[in-house]
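Given the sequences, and given the hints that come with them, work out the whole structure.
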Amino acid sequence: MRLGVIADDFTGATDIASFLVQNGLPTIQFNGVPESHDELSAQAIVISLKSRSCPTHQAIDQSLAALQWLQQQGCDRFYFKYCSTFDSTEQGNIGPVTDALLAALGETQTVISPSLPVNGRTVYQGYLFVADQLLSESGMRHHPVTPMTDSNLVRLMTRQAKGQAAVINAAQLDQGADAVRAQLDTLKAQGINYVVLDALHEQHLLTQGEALKQTRLVTGGSGLAIGIARASATQQQNSDAEHAGRPQGERAVVISGSCSQMTNRQVQAYRQQAPSHEVLVERCLDNAESYAQELCDWVEAHHQPELAPLLFATADAQQLQAIQQQYGAARSSEAVEQLFAAVTRELKSRGWQRFIVAGGETSGVVAQSLGVTAFHIGPMISPGVPWVRDIHQPLSLALKSGNFGDEQFFARAQQEFSA
Numbered sequence: 325m326r327l328g329v330i331a332d333d334f335t336g337a338t339d340i341a342s343f344l345v346q347n348g349l350p351t352i353q354f355n356g357v358p359e360s361h362d363e364l365s366a367q368a369i370v371i372s373l374k375s376r377s378c379p380t381h382q383a384i385d386q387s388l389a390a391l392q393w394l395q396q397q398g399c400d401r402f403y404f405k406y407c408s409t410f411d412s413t414e415q416g417n418i419g420p421v422t423d424a425l426l427a428a429l430g431e432t433q434t435v436i437s438p439s440l441p442v443n444g445r446t447v448y449q450g451y452l453f454v455a456d457q458l459l460s461e462s463g464m465r466h467h468p469v470t471p472m473t474d475s476n477l478v479r480l481m482t483r484q485a486k487g488q489a490a491v492i493n494a495a496q497l498d499q500g501a502d503a504v505r506a507q508l509d510t511l512k513a514q515g516i517n518y519v520v521l522d523a524l525h526e527q528h529l530l531t532q533g534e535a536l537k538q539t540r541l542v543t544g545g546s547g548l549a550i551g552i553a554r555a556s557a558t559q560q561q562n563s564d565a566e567h568a569g570r571p572q573g574e575r576a577v578v579i580s581g582s583c584s585q586m587t588n589r590q591v592q593a594y595r596q597q598a599p600s601h602e603v604l605v606e607r608c609l610d611n612a613e614s615y616a617q618e619l620c621d622w623v624e625a626h627h628q629p630e631l632a633p634l635l636f637a638t639a640d641a642q643q644l645q646a647i648q649q650q651y652g653a654a655r656s657s658e659a660v661e662q663l664f665a666a667v668t669r670e671l672k673s674r675g676w677q678r679f680i681v682a683g684g685e686t687s688g689v690v691a692q693s694l695g696v697t698a699f700h701i702g703p704m705i706s707p708g709v710p711w712v713r714d715i716h717q718p719l720s721l722a723l724k725s726g727n728f729g730d731e732q733f734f735a736r737a738q739q740e741f742s743a
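For the sequence shown, our numbering assigns the number 325 to the initial residue and increments by one for each residue that follows.
Possibly wrong hints are sitting among the right ones.
[Claimed, not checked] No more than 30 Å apart at the CA atoms, straight line, and that leaves these computed lysine-lysine pairs for BS3-like:
id, residue 1, residue 2
1, Lys512, Lys537
2, Lys537, Lys486
3, Lys486, Lys512
Because the hints were derived from the structure by calculation, they are not lab data. These numbers come from a predicted model, not from an experiment.
Structure (structure tokens):
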């Protein structure tokens, strides 16, 4: 067995890679579709794309290119990984990419399983919850790019994709893997293309993994990877792979571009512990390169061995709305990301080797700016967030999705996993 994973953003890729390693599948992750075809020994290969919020045709093209490369590496089962909060618009990109992958594989049915109970993401009767709130009532309803205003996964898939959706609910999951497989076959005979799987706890994910052992394409968040890995692994957790990804380097910096509720709390907590500097959108738009040099000088002046300095563009919902009204949502977001790209390149040239980053888009920009193309997966800082170490360069990164981790994440990433 070789599992090929296509992830729609960078932190989502490290998220699922960490769960695969932790549950027994040696894993290598690539940033983008590789150009080489080197012999790989891992049982799972993860490709991170930046396809979550790009134009739909680009997301499809990138995903199909990743699929083709994975097939060339001998992968025979595939996993389309998206966020556990199903981040998407009315048009996609989850539905259209799923349709394209099904068509390319000659398949007519897959599953939809974004649940990650350990991080408070559960599905009940086809409705997605964030902790004790419906998705549409959580902080995700204010997301600047993909606001989630509906919690019903059947409706979301039906609007985005071409086929029909149905649910296998928690009571059916409780009956075990054989019952789930039988229900999948029944729904397939009825012409159901997308089967939303309830999951309230980890045992539901393990049942899903066992039931889907022969399924060529699954889709979901990183939680399903627990079940897939446990059902497929032929050895215990690969401690060597985890050790290879432990952080290295003395100079560290924390960069936060996410505006999620949890990242807001993490930034607020960390500002009480370490030097911090807010990134101003108007300065990014004025002269990004000059501003980047100024920020790097500040980071260098505030370097300390205990806790790294923080650069943040994180804002709460009210501040974010004001920024978007003044500068435009796309323009302000792009300006900040380009600023962080310039800062990252400059800090690398000055000898910085450890980067702790909050936000999926920001993490992708940082990794790209650092020239990170492939890396080892290291120890898990928080569920779904590991340290990773570049295979070719002396660089270590902790890359987290906006809502992942606890309030002390930034400090713990350094204190519990010192270089």
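Output the indices of the hints that this structure fails to meet, ascending. none
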